[in-house]
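Chemist: In this text, residue positions in the sequence shown follow our numbering: the first is 67, and each later residue adds one.
Please keep in mind that the hints were generated in silico from the structure rather than gathered at the bench. Every residue, glycine too, gets a C-beta built ideally from N, C-alpha and C.
Below are the DSSO-like pairs computed for lysine-lysine, each with C-alpha atoms no more than 30 Å apart in a straight line: (1) LYS688 - LYS316; (2) LYS611 - LYS574; (3) LYS522 - LYS224; (4) LYS651 - LYS316; (5) LYS316 - LYS894; (6) LYS224 - LYS156; (7) LYS337 - LYS303; (8) LYS688 - LYS674; (9) LYS337 - LYS421; (10) LYS421 - LYS855; (11) LYS234 - LYS172; (12) LYS204 - LYS149; (13) LYS653 - LYS859; (14) LYS859 - LYS894; (15) LYS522 - LYS510; (16) LYS591 - LYS611; (17) LYS688 - LYS421; (18) LYS651 - LYS330; (19) LYS556 - LYS611; (20) LYS623 - LYS591; (21) LYS688 - LYS851; (22) LYS623 - LYS574; (23) LYS100 - LYS292; (24) LYS611 - LYS622; (25) LYS859 - LYS316.
Estimated spans, in silico, between C-beta atoms of each pair: (26) LEU872 - GLU280: 43 to 49 Å; (27) ARG504 - LYS880: 55 to 61 Å; (28) LYS149 - ALA390: 32 to 38 Å; (29) ARG721 - ILE610: 46 to 52 Å.
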Amino acid sequence: MKNYNSRLIERENTLPDNTAYQTMLDWFSSRGWKPFSYQEQMWQAYLDGFSGILNAPTGTGKTLAVVIPPLMKWMHDHADYRKRKPNGLKILWITPLRALARDTEKVISTLLDELGIPWEVLRRTGDASASVKQRIGKRPPEVLITTPESLHLMLARKGHEMTFNTLKAVIVDEWHELLGSKRGVQVELALSRIRQIRSDLKTWGLSATIGNFETALEVLVGSAEKQMIIPSGMEKKIEVNSVIPDEIEKFPWAGHLGIHLLEKVYPVIKKSGTTLLFTNTRSQTEIWYNRILETYPELAGRMAIHHGSISSDIRGWVEDALHAGSLQLVICTSSLDLGVDFSPVDTVIQVGSPKGVDRFLQRAGRSGHQPGAVSRIWFVPTHALELLEAAALKTAMAEGFIESREPVINPLDVLVQYLLTLATGDGFDQKRIYHEIRSTYAFKGLTEGEWEWVLKFLLTGGNALKRYEDYSRVYEENGLYQISGRRIAKRHRMSIGTIVGDPSLQVKYITGGYLGSIEESFISKMRKGDVFLFAGRYLEFIRIKDLTVYVRKTKKKKGATSRWMGGRMALSSRLSEMIRTTIRKAKDGIEDSIEVKTIQPILDLQEKLSALPRENELLIEKIQSKEGFHLFFYPFEGRLVHEGLASLFAWRISRIQPISFSLAMNDYGFELLSDREAPLEEAICNRLFSADQLSGDIHSSINSTEMARRHFREIARISGLVFQGYPGNSVSGKHLQASSQMIFEVFQKHDPGNLLVKQTFREIMNFQLKETHLRRALERINHGKLLVKEPGKATPFAFPIMVDRLRDELTSEKLYDRIRRMQRQLQK
Numbered sequence: 067m068k069n070y071n072s073r074l075i076e077r078e079n080t081l082p083d084n085t086a087y088q089t090m091l092d093w094f095s096s097r098g099w100k101p102f103s104y105q106e107q108m109w110q111a112y113l114d115g116f117s118g119i120l121n122a123p124t125g126t127g128k129t130l131a132v133v134i135p136p137l138m139k140w141m142h143d144h145a146d147y148r149k150r151k152p153n154g155l156k157i158l159w160i161t162p163l164r165a166l167a168r169d170t171e172k173v174i175s176t177l178l179d180e181l182g183i184p185w186e187v188l189r190r191t192g193d194a195s196a197s198v199k200q201r202i203g204k205r206p207p208e209v210l211i212t213t214p215e216s217l218h219l220m221l222a223r224k225g226h227e228m229t230f231n232t233l234k235a236v237i238v239d240e241w242h243e244l245l246g247s248k249r250g251v252q253v254e255l256a257l258s259r260i261r262q263i264r265s266d267l268k269t270w271g272l273s274a275t276i277g278n279f280e281t282a283l284e285v286l287v288g289s290a291e292k293q294m295i296i297p298s299g300m301e302k303k304i305e306v307n308s309v310i311p312d313e314i315e316k317f318p319w320a321g322h323l324g325i326h327l328l329e330k331v332y333p334v335i336k337k338s339g340t341t342l343l344f345t346n347t348r349s350q351t352e353i354w355y356n357r358i359l360e361t362y363p364e365l366a367g368r369m370a371i372h373h374g375s376i377s378s379d380i381r382g383w384v385e386d387a388l389h390a391g392s393l394q395l396v397i398c399t400s401s402l403d404l405g406v407d408f409s410p411v412d413t414v415i416q417v418g419s420p421k422g423v424d425r426f427l428q429r430a431g432r433s434g435h436q437p438g439a440v441s442r443i444w445f446v447p448t449h450a451l452e453l454l455e456a457a458a459l460k461t462a463m464a465e466g467f468i469e470s471r472e473p474v475i476n477p478l479d480v481l482v483q484y485l486l487t488l489a490t491g492d493g494f495d496q497k498r499i500y501h502e503i504r505s506t507y508a509f510k511g512l513t514e515g516e517w518e519w520v521l522k523f524l525l526t527g528g529n530a531l532k533r534y535e536d537y538s539r540v541y542e543e544n545g546l547y548q549i550s551g552r553r554i555a556k557r558h559r560m561s562i563g564t565i566v567g568d569p570s571l572q573v574k575y576i577t578g579g580y581l582g583s584i585e586e587s588f589i590s591k592m593r594k595g596d597v598f599l600f601a602g603r604y605l606e607f608i609r610i611k612d613l614t615v616y617v618r619k620t621k622k623k624k625g626a627t628s629r630w631m632g633g634r635m636a637l638s639s640r641l642s643e644m645i646r647t648t649i650r651k652a653k654d655g656i657e658d659s660i661e662v663k664t665i666q667p668i669l670d671l672q673e674k675l676s677a678l679p680r681e682n683e684l685l686i687e688k689i690q691s692k693e694g695f696h697l698f699f700y701p702f703e704g705r706l707v708h709e710g711l712a713s714l715f716a717w718r719i720s721r722i723q724p725i726s727f728s729l730a731m732n733d734y735g736f737e738l739l740s741d742r743e744a745p746l747e748e749a750i751c752n753r754l755f756s757a758d759q760l761s762g763d764i765h766s767s768i769n770s771t772e773m774a775r776r777h778f779r780e781i782a783r784i785s786g787l788v789f790q791g792y793p794g795n796s797v798s799g800k801h802l803q804a805s806s807q808m809i810f811e812v813f814q815k816h817d818p819g820n821l822l823v824k825q826t827f828r829e830i831m832n833f834q835l836k837e838t839h840l841r842r843a844l845e846r847i848n849h850g851k852l853l854v855k856e857p858g859k860a861t862p863f864a865f866p867i868m869v870d871r872l873r874d875e876l877t878s879e880k881l882y883d884r885i886r887r888m889q890r891q892l893q894k
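Please work from the sequences and hints to get the whole structure.
Modeler: What follows is the structure, encoded as structure tokens:
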């Protein structure tokens, strides 16, 4: 554990030997436990008035560490604490996942029951009933577990200050998961409001894996005088194994290998008690569930599927069955990523690279979820070169390398939504709320000019929309800003949140029964009688009515696999760095992992035909084929960075000689394909790799306006410029995109200084094109060495990039045949 200077608590326990403390010790003893040192440090820190972050591995008692000290304080101050009476809200628990909310509710409820504290624990999440939501507003429980979105809905209620004026502690679970996202900014803003209501509020974040604790602490607790980071000092033992193919293709390609390793995966499942099998997408979850069920029907009734688009009832049943130990296997996505305590789980299987060290650690931690237990995770490559990533992950974990999460700065779309939330409730005084907002990390740099623009935008819709009444969403009276009408307030409550996806439709059996939700972009292509795979079963499409997809069961075992947007994850900069190091070690013969030994024939062939680059080298391959002239670059920086580099290099080369390129990329490199030879050497001499004027060159090299037009839909939705519709009457995705594009074009033409448009371009550079990482990659290349090779034919590194390009041109069957022909030709 790193030394976090004076804010790191490292001292002996000095808890008072009082009745409350002794009661807690007795409770631990009754279960055969003894508090860990870090738990007692946490209790002491809370009682001393500190806020901060608790860092501890999964399955080591973080929940008990943070929830017990407020209870101890209550027990100490109230001799009649066992008397049932309304006490108001005392503990607010914020979680990023509904599955976590269920699990946390059970842990806290059990603790309260066994201590004889008659507090009520309730969940206020998106799937809570209307009666529960009303009850929370009228008579809050002592412990409330909620999500960022539901918390903002509470702030949109009139009289919300009454709900929070008894609050003692806010606990933010899995803080690292929220940090670096607009949901994290939602939490910051909500905390800034609650702290004005309760100046003595204590705020604690929980995190098992994060690389920048100091920043995470500052974002969470702000300017609190007493703040610290408490490390548990406990190291979680993780056992990592890879599923190794019997044969390795010398020219591998992405995506096909994973499911072909099923016969090697099954013995791992069979010898384990309960296994979680993670895939990276919901579509892959559906595919793996059905292939396993078809191949090993004896698992029927003992396996289940879990992802975010399946109904909450089905997900709840799966989670309960996991707790009970009645399931042998659950195939899932990130819906079960975080710290849910499923004690029976003793094995995790990860299909495909998780693209980040922290995500791999999170998923590994779902097994062995008890203090001292070993977490076991198996890595299943979906193509051979992913074994490089497996070896890199092992090294990164052994050396303690974990990714940092960079906070989101100045997202004005979130600020607009938040101010509408406050206006919908009790309204807000603009001078007072400005200082509240400036107290957050996200908006500490908010200027008075930006603030005035936001207020004007809420009042009139800005220069371009001021003639349209619908965009005058608030009015000001005696310094108080309030919502303009009930219709606008209702629409806003339906739109609170920053998670933006394709509009979803409910999936129901024609005979009744809700299965979950599916994205409109997929289901709109269906015709009556078509079969598709969803929620682990094949369904026959009947019709769409009132934005509900009606289906019936079918005995057919073939159909389209449901697909959702946002399937591919970005390779983290930390993992890409470790991959480059792994390649260098393999080249020097000092990498002895089973993963690298397995793919050594591929690496040897790559070295023979071309080269294996070291960390300070950029490999470029020039190849001529029937398709044209290929340039392959291998920075090993991840797909998003490569997308930006490919466009940048293509543009810079075309300025020397007019030439058109087709672009393709994966996480390891990218291809520029043209019908005539590109002047590579001249381009290298003419600042091809320069980081100077990078922003301007990127804007020139891509159609940034078209990218911004598409991305603006997200900002327009969050800021309330477009409305997704009411339940049962939602707006189609095409209509939303058309509406947002129309507004974007109006802003471009009539309001060029619009700050939401400027934010759109900024987010494209930061998040889609990874400008910071791209600049860092260029600087690394500039300070390194170039290896320019002409191998004469596609190399093992080039082949999967070529296949990725062909995916967009060919059907699955034709693609497979084409790949086989290409492999046979290359192996001659």
